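With chain A fixed as given, assemble chain B onto it according to the hints.
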Amino acid sequence: MNDERFPGLRRRGFLAAASGAAALTLVGCGGGTADTASGGTPKRGGRLRAAFAGGGASETLDPHLANLFADVARAKALFDKLADYGADLSAEPRLAEKWEANKALDRWQVTLRKAAFHDGSPVTAKDVLYSYRRIADPKQAFRAKASLEPIDLDASRATGERSIEFVLKRPTAEFPNILAAFGAYIVPENATKFDDRPIGSGPFRFVSFSPGRSAVFRRHDAYWDGAPLLDEIEFVVANEESARVNALLGGQVEYAHELNPTTARAHEGKGQIEIVRLRNSAMQAFCMKTDRAPFDDKRVREAFFLIADRQELVDGALSGAGEVGNDLFGKGYEYYAADLPQRTQDLDKARALLKQAGAEKLKVTLDTSAVAAGFTEAAGIFRDQAAKAGVTIDVKMGSKDSYWSDILDTGALCCYRSGAMPIEAHLSQRLLTDSTTNATKWHHKDFDALYQQAQSTRDKTERAAVYQRMQRRLYAEGGFLVWGFADWIIGTSRTVRGVESKAPANTLDWARFDKVWLA
Amino acid sequence: MRTFVARRLLLGAGQTIAVVLLIFALTEALPGDAAVALAGDQPDPARIAAIREAMHLDRPAYERLTDWATGLLHGDLGTSLTSGRPVTQYIADAFGPTLILAVLTLTLLTPLGFGLGVLAARHEGGPVDRLISSVTLAVYAVPEFALGVLLVTVLALKLAWLPPTAVGYGTDLLAHPAALVLPVLVLLARPVCSLSRLVRAGMVDALAAPYTAHARRYGVPGARVRYTHALPNALAPAVQQLARTVDWLLCGVIVVEALFVIPGLGTVLLNAVAERDVPVVQGLAVVFGVLTVVVNLGADLVAHRLNPRAGVAA
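Each protein sequence line maps, in turn, to chains A and B.
The first sequence begins at 1 in our numbering and counts up by one.
The second sequence begins at 1001 in our numbering and counts up by one.
No false leads were slipped in.
Derived list of chain A stretches under chain B, where covered just means 3 residues or more per stretch with a C-beta under 8 Å from a C-beta of chain B:
1. 54-61
2. 245-257
3. 404-413
No wet-lab data here; the hints were simulated from the structure.
As the structure is a prediction and not an experimental result, all values here were calculated from the model.
Every residue, glycine too, gets a C-beta built ideally from N, C-alpha and C.
One chain only, chain A, in its complex shape (with noise of 0.2 Å):
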């Protein structure tokens, strides 16, 4: 299986301020209260102002060409997918009301709820299919489209006004992931020019947009999950992080996505502003390439798993923000191994397997960039850490504009990091041998037949089984040696209420700003 859910974000721009993959979520279970969430009874009215990094000029409105947070953004306040995120990154129902497979898995039935568009118009099953479609377009390139892989749109059609029967080219278990894939957007049947008064169904409608600046919307009082509380929302694009935090602390905007930890750490309990973190957020790695020497050799991997100081990376190269990693991806999520122990660090058993594995006085070239916050800190970082265990780290600086293209396929080790996305989806996308992203050549037949297995099975007691075989095997002898997850940090003024905590980037309750009200 080929596809590339739920990608992480790209973050284009000079600023070094975080970056590359930006899919961020929080870890814990259930919907929180934001800490913002401080009191008061909802109250109606009101425009709010956000900024966000954006992509300048280029911007525009279309959900299916979806690619930054600012994008991201605006997209889920027009429309809606099928599904969506929760804060474990299990699908949630959106559109669809509820999905039920055949015993094969390989047929699933949707149900639309009933919901409209802003003209009016019912969301059908033809806007469903016509949407997907568009996605799935050969001639294009959106960036769903791989997520859609697995469904034969030829074959699946609409069995009524609401209801939908996908067919699958195999069986897959996790179909709701899909339905909540990354710009997987439902517009209105031939619709194709967004620019303009796109019209979705999400809970604002357009007013104005203008590529790199602003973009108004108000609030859709037919909206199926509840009219906003907000009259008006604009999301303003500044791409410097210290013009967000002033423009807040000026009170130019009221909400600053993406906040630098040092920032945080100034403003907060301050009174001035409210700092909201969204932990466990961007997955922080080294990724190494294990089909090439010296990580051919799994004792040379595990020696390196063992020279990481997590806790000195999550302090130099995150500034603190952030938590410890333990090789496995996706700390928090459903399917997550939990229950292994925290790997720490053991330089003379490092020394020891090295030795082992005829790697003394290794040389070894790191490739890093400054694509994302933390990346440059945390290879100088490390090379000081292996230099202790006898292992020489040349840290190679790349280009950011090209970085992730150019560390997919050569050298041996670099700087990682992703976004926040299902754990089956993270396998899927780079774990397997035909995934297109698969950075540190995990080539294992065996592997890629335990995956198929957990998608052909219905239990999901026993799927959680397989998850977990998958997951123990890459932390014995796996080639991501994760090291930490990153806080994610938003700034808010003092008037703004009902800003999730527990659910971030790329979640639904992720800049969701149709539950936030203004004090």
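Chain B only, in chain A's frame:
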């Protein structure tokens, strides 16, 4: 004079073409292309190939350049690879804010720079001169970014006299004049210093020159000696400096645009380079090239008027 202008314009056109070719070559030489940049952290090779095909990046570089050049001859700057919108729209949208900042800055810069320079020269060696010289030197030493952060912190955040950024105002900057104060201050700071120091030096030289001494011996009044004899000679280098400042302002001062969230030409250029959006980069190169040629030609003509004997090399 006319042949001089024609020659310069011809040369300018040649220079602009050279700049555009150079920029094209450099953008091509950068690692990655628009497809790679767009694919970001999901560099699935099949997807990159599809994007490349959709953008027609799979065609050879010379073909793309020829197409673009043919369009240019018809006044068509092409369309953005990333958004499919016309490049002219990018430039038109971003030109407004840049122009507003440039015009405001220049309007204040010219009297301020020349005034301070002349004032310092008049009191050469005195306390006024020393004050002006040391303050301008000190301000000149502060980079724009640091000065901007300092001014925002003090004037906008601590004292709350001015808005810290122009976020959300878009092209409608003139409707929010308060938001323009800080950016213009930052833009003014260093050019005022360099200009006034140049004028001062020129004036000091000119006032010590034999011809001013001669004029004085004829009994020409001091003010007249200063303003009609010495100043024009002192101005020639300052005018060239002013032209460079105009260039600098019109090409978008990225630091100021980023700090104050003003979506001008610098921001567009920066994004376009990061996205490897070659048509947009090329379009901007043409605009910047033409502006530079015209502004410098204008400056040379003014300098020539002020001081015909110095001659101006074409």
